[in-house]
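Participant: Chains as they are written, first to last, in the numbering used here: chain A, 1 to 760; chain B, 761 to 915; chain C, 916 to 1196.
What the hints contain is simulated information worked out from the structure, not anything from laboratory work.
C-beta: ideal position from N, C-alpha, C; glycine also.
Straight-line Cα separation of at most 25 Å, SDA-like style, residue types lysine to any residue; simulated pairs:
#1 A:289 x A:123
#2 A:630 x C:1157
#3 A:630 x C:1176
#4 A:630 x C:1100
#5 A:630 x A:680
#6 A:229 x A:35
#7 A:630 x C:1152
Sample of chain B residues lacking proximity to chain A, with all beta carbon distances greater than 12 Å (derived):
#8 763
#9 766
#10 776
#11 777
#12 814
#13 832
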Amino acid sequence: MVATDRPHNVVGTRPVRPDGVDKVTGRATYGGDVRFPGMLYGRILRSPHAHAIIKNIDASKALELDGVRAIVTNADFARQPDEEVALGELTANLSEMLDQVIAGTKALYRGHAIAAVAATDPHIAEDALDLIEVEYEVLDAVLDPQEAMRPGAPQLHPGMVTQEVGGLFDGETGEAGTEETNAAKHVKFTKGDLDTGFAEADIIIEREFDTGMYHQGYIETHNGTAMWKKDDRVQVWSSTQGQFEVRDQTALLCGLAPSRVTVEPVEIGGGFGGKTHVVMEPLAAILSKKTGRPVKMIMTRQEVFEGTGPTSGTHNRVKIGAKRDGTITAMDAELIFEAGAYPGSPFTAGAMCAFAPYDVDNIEVEGWDVVVNKPKVGAYRAPGAPAAEYAVESVIDEIAERLELDPLEFRLQNAAQEGTVRADGAAFGVIGNVDTLQAVQQSEHYRSELSGENRGRGVASGFWFNVGFTSAAHANVMSDGTVGLVVGSADIGGTRAALAMQFAETLGIPYESVNPQVVNTDAIGYTMVTGGSRTAFAGGWAAHEAALDIRRQLVERAAMIWECDLDAVSYEDGVLSGPDDQSFTFQEICEQLPHTGGLIQGKADVSPETSGPAFACHVVDVEVDPETGKVDILRYTAAQDVGTAVHPSYVESQIQGGVAQGIGMALHEEYVFDDSGNMENPTLLDYRMPTTFDLPMLDVLLVEVANPGHPYGVRGVGEIPIVPPLAAVANAIHDAMGVRVTQLPATPDRMLELLEEQGG
Amino acid sequence: MSVPISVTVNGRLHELEVEPRTLLAHLLREDLTLTGTHIGCDTSQCGACTVLIDGTSAKSCTVLAVQADGAEITTIEGLAQDGQLHPLQEAFWDEHGLQCGYCTPGMIMSGVDLLERHPSPSEAEIRRGLDGNLCRCTGYEHIVNAMQAAAGGAS
Amino acid sequence: MIPASFDYQRAGSVVEAIALKQGHDGDARFIAGGHSLVPLMKLRLAEPSLLIDISGIDGLSGVSEDGGRISIGALTTHAELESSEVLMASAPVVAEAAGEIGDQQVRNRGTIGGSLAHADPASDLPAVVVALDATIHISGSGGDRSVAAGDFFQGLFEVDLAEDEMITSVSFDAPSHAAYAKLRHPASHFAIVGVAASLSVDGGVCTGARVAITGASTHAQRLGAVEDALSGSSLDDDAIAAAAGAASIEDVNADLAGSEAYRRAMTQVFAGRAITAAARR
Chain A
1 MVATDRPHNV
11 VGTRPVRPDG
21 VDKVTGRATY
31 GGDVRFPGML
41 YGRILRSPHA
51 HAIIKNIDAS
61 KALELDGVRA
71 IVTNADFARQ
81 PDEEVALGEL
91 TANLSEMLDQ
101 VIAGTKALYR
111 GHAIAAVAAT
121 DPHIAEDALD
131 LIEVEYEVLD
141 AVLDPQEAMR
151 PGAPQLHPGM
161 VTQEVGGLFD
171 GETGEAGTEE
181 TNAAKHVKFT
191 KGDLDTGFAE
201 ADIIIEREFD
211 TGMYHQGYIE
221 THNGTAMWKK
231 DDRVQVWSST
241 QGQFEVRDQT
251 ALLCGLAPSR
261 VTVEPVEIGG
271 GFGGKTHVVM
281 EPLAAILSKK
291 TGRPVKMIMT
301 RQEVFEGTGP
311 TSGTHNRVKI
321 GAKRDGTITA
331 MDAELIFEAG
341 AYPGSPFTAG
351 AMCAFAPYDV
361 DNIEVEGWDV
371 VVNKPKVGAY
381 RAPGAPAAEY
391 AVESVIDEIA
401 ERLELDPLEF
411 RLQNAAQEGT
421 VRADGAAFGV
431 IGNVDTLQAV
441 QQSEHYRSEL
451 SGENRGRGVA
461 SGFWFNVGFT
471 SAAHANVMSD
481 GTVGLVVGSA
491 DIGGTRAALA
501 MQFAETLGIP
511 YESVNPQVVN
521 TDAIGYTMVT
531 GGSRTAFAGG
541 WAAHEAALDI
551 RRQLVERAAM
561 IWECDLDAVS
571 YEDGVLSGPD
581 DQSFTFQEIC
591 EQLPHTGGLI
601 QGKADVSPET
611 SGPAFACHVV
621 DVEVDPETGK
631 VDILRYTAAQ
641 DVGTAVHPSY
651 VESQIQGGVA
661 QGIGMALHEE
671 YVFDDSGNME
681 NPTLLDYRMP
691 TTFDLPMLDV
701 LLVEVANPGH
711 PYGVRGVGEI
721 PIVPPLAAVA
731 NAIHDAMGVR
741 VTQLPATPDR
751 MLELLEEQGG
Chain B
761 MSVPISVTVN
771 GRLHELEVEP
781 RTLLAHLLRE
791 DLTLTGTHIG
801 CDTSQCGACT
811 VLIDGTSAKS
821 CTVLAVQADG
831 AEITTIEGLA
841 QDGQLHPLQE
851 AFWDEHGLQC
861 GYCTPGMIMS
871 GVDLLERHPS
881 PSEAEIRRGL
891 DGNLCRCTGY
901 EHIVNAMQAA
911 AGGAS
Chain C
916 MIPASFDYQR
926 AGSVVEAIAL
936 KQGHDGDARF
946 IAGGHSLVPL
956 MKLRLAEPSL
966 LIDISGIDGL
976 SGVSEDGGRI
986 SIGALTTHAE
996 LESSEVLMAS
1006 APVVAEAAGE
1016 IGDQQVRNRG
1026 TIGGSLAHAD
1036 PASDLPAVVV
1046 ALDATIHISG
1056 SGGDRSVAAG
1066 DFFQGLFEVD
1076 LAEDEMITSV
1086 SFDAPSHAAY
1096 AKLRHPASHF
1106 AIVGVAASLS
1116 VDGGVCTGAR
1126 VAITGASTHA
1136 QRLGAVEDAL
1146 SGSSLDDDAI
1156 AAAAGAASIE
1166 DVNADLAGSE
1176 AYRRAMTQVF
1186 AGRAITAAAR
1196 R
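One chain only, chain A, in its complex shape:
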């Protein structure tokens, strides 16, 4: 499987990014930058109510406003089947997806799109929104998932019953309930026997934890531009992590075959999982169809908060039993995840991750997916894992403390290793769980003395699956010895470079000789979303295979030129060697190509079923101001099994970015709703993302346990770093002040209350 035993020439180095010069000079084109002659500007009218029946929409006055060209509502779209249908490599309920894009008979959250307007000028479009008259019948809203599960709670979707589901990649495998409820889905994983396990325990700790609803916080707001042409072909420009997903979803919601929609690549200003599904693209498309002109839509920050998919607020109960010697005997958890207005929270992933770092015989974990009158949640970096593992790692810390064990030793004693079977039935291959624990244990940070009042140190582990799925790569060899590498993965954080590096490594040519390009959906084979920490892994694999395809063809060409057998030609480090000491460098053979049968292309499609699971262990020092409750991060070190660090600086930066977001979850960020379901902090004035001030330098320990399931040993690295910070910070706060934080974020006022409870 491993591509080569020789030391790498390119993989593991730190070249500059190909998109760098455009990004530092302002020339990079993001979705909001595209413009066309005659272009119209779209804006969205949103529901002021969290739960209401839409009785009537009267757009007549808005249509009379000079400059307004069209208005669309849900009624402008074809009806969709209310069932799971195949969509790309996954499934989706298109009826729910349509109603999520633009509300059908009901508005299910404040900010739910009700109507969209296109006008000749963004100012006019904005003014037109005030002229659209909507008649609502306001219903009681339910915001808390536990309340939503109780009989008699306001029902978001009449007739909804609980669907039993299997593992994340198994789909709906179980039975459906009979009682109407807001609990859309339920999952349960069992290993061994819980009662037996707890009976063996000398200590049992059970705690409940809450986490807030968090937003991904990408700095670029959503945008989408569509041009519906007379032949019913549609071109779309969108800030998305997955142009093929946008193609498929836009097409189906607009009643077109996916082949009639082309999604063009643009730079994307961050996503973190939040830009993996359509938001406005179908609205822009139908507005364009109605007007015959291109329509551009850009969200405000408030729309991003209220009208896109943040992560689930959660309520999680965790119970763990252990023997006095530190052996964990039983682990039990129940996770309740808010789905927002439509089913689809990451509760299954949370349930699968919760206890994954531990090799324990008796485990039971169940999860609930509960609809509430809040924005439909989306994916956010390791979806479900941060909240679930925060709860588990807090209880693990408490048991270690009670048993007077070093928290890392306790984890090591019970650590999942190769062959450990998880509660969901999957067995681990080669993983770096123990290695990351040991890396922290041996780190200067962990061994250093932490002195000073109100200071404490905490550790926490984390696990995330990472995924594989389909990626394609094309490579066009040029006669000057360079190669255009063509891929379909949106580049959020450096994947053009990471893919080009693996390609250059396999071909034995300099990184600088590869010109990576992201192209539109017609110009490259199907490529799954840039998400699930999959792109450097699967995309890199596709690039490697495309390079092998070129090598094979170059060997053939050399054999033809040298008039020898294929066996007599070898390819090593970018040099072709043949009989009689004949050789061509890559550059030389490229110069020969046009005259010896033409230039060549390499191509590959890969769809690895496996990936490389990721583990991380973090240690953090905090200082708590006992008078204000403010928590400061003094020092942070993250150890992570990264498989092979293709570009170590980018890997470090992914980890630092994830840690920063995790610290945001632990200390600063959350959606705050009033009783009616209005978000009270829908701008960055009040939603607090960490700034330079809030963070110290974030140290990274790259642990490289090569993934045997990848040519270069690559594992996904992007998501796992957001998992451990929540518990690590909470455990550090406990070490500093002796209080257990069971609700995140640990804002200053909450901290002060906790400290007062302890004191009083």
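Following the hints, put chains B and C in place on chain A, whose structure we already have.
Facilitator: This is chains B and C only, laid out in the frame that chain A set:
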């Protein structure tokens, strides 16, 4: 009602008629097609729209275009001189001070103001000086490194 | 996010600015840096029909000192305050407080006059000028007048400034012992609670104190009980703690940044920190 303004952007004088409610960020992006100035938050937190007005940094989404009458504006597109990238542009590229790149123009423009005030800034001065610019990708570490590299190269 | 439509005029002088405002039938506002007003207009929380741009008026900017009396022009930016050598030498509390406002970009545009006239309940400078017993100089159609800062702030966004008046400058005596301490909102950087303290000290004994708070209530105001407790005290840790503990205010703000109870607690904490810093000056 439109108001005449004359504004020098990246060394070029523009005589324009603008609606008073036009934001400077929109004037730059829409009228002058200088789309390197990004908009991220609308409420002057994120700093993606930072430009220099008469040499000091400002959030162009919180400045009316009419307020810029008579001013010299520098945007990210005007930073490179004579085909040479500004040291901060080089440093953000070389030190991997970006991922998605969306905050980068504003971050660099704030960096220019910062280096004017503190030619050899400490880490604390950098963190204070860039406090008005949000980055969600990097955790800021490589951005701080880039600032230090640029300062080191400039001194 | 775009403001509603409005008209726009530039004023070349104070007299012209006031005349424009007087002559306008509707909601006319002065705009200088615009960093209080433009955000509100974008959120459509303010929809003035006319903006009068006063930023080009000569002579309203800068910091000067004459015989221990410091004068600051209304159009002086926070960044200019922060880096003013006069202030750093004679009234560092003002430079420090200005340096705590917003971020660099905001400080480059925002002005002291705008900040005081807007009187956001969470802005920093109102507390500082109240603690310094500053005089606010105002021009209007009826001529010029002055008002004590302590009387200027009257309620939520409510100040002693008529429709046809504008602030032209602020003046105060250079303080001997003054400091500002602030609990900063982590996102907006406004003061959740901010306290400015100015003490007169003679032979280690506090002979007079003005302590003012912002962020905690509707407007910047003095903490009278704290001032009383400080007067005649030795300014040791216990005395300061006792004085800070006497802090009490009415109409305490409660919002996402802090509950009423939290702000009450922070009022005492930051009163203590401000007084301590002032005493050590």
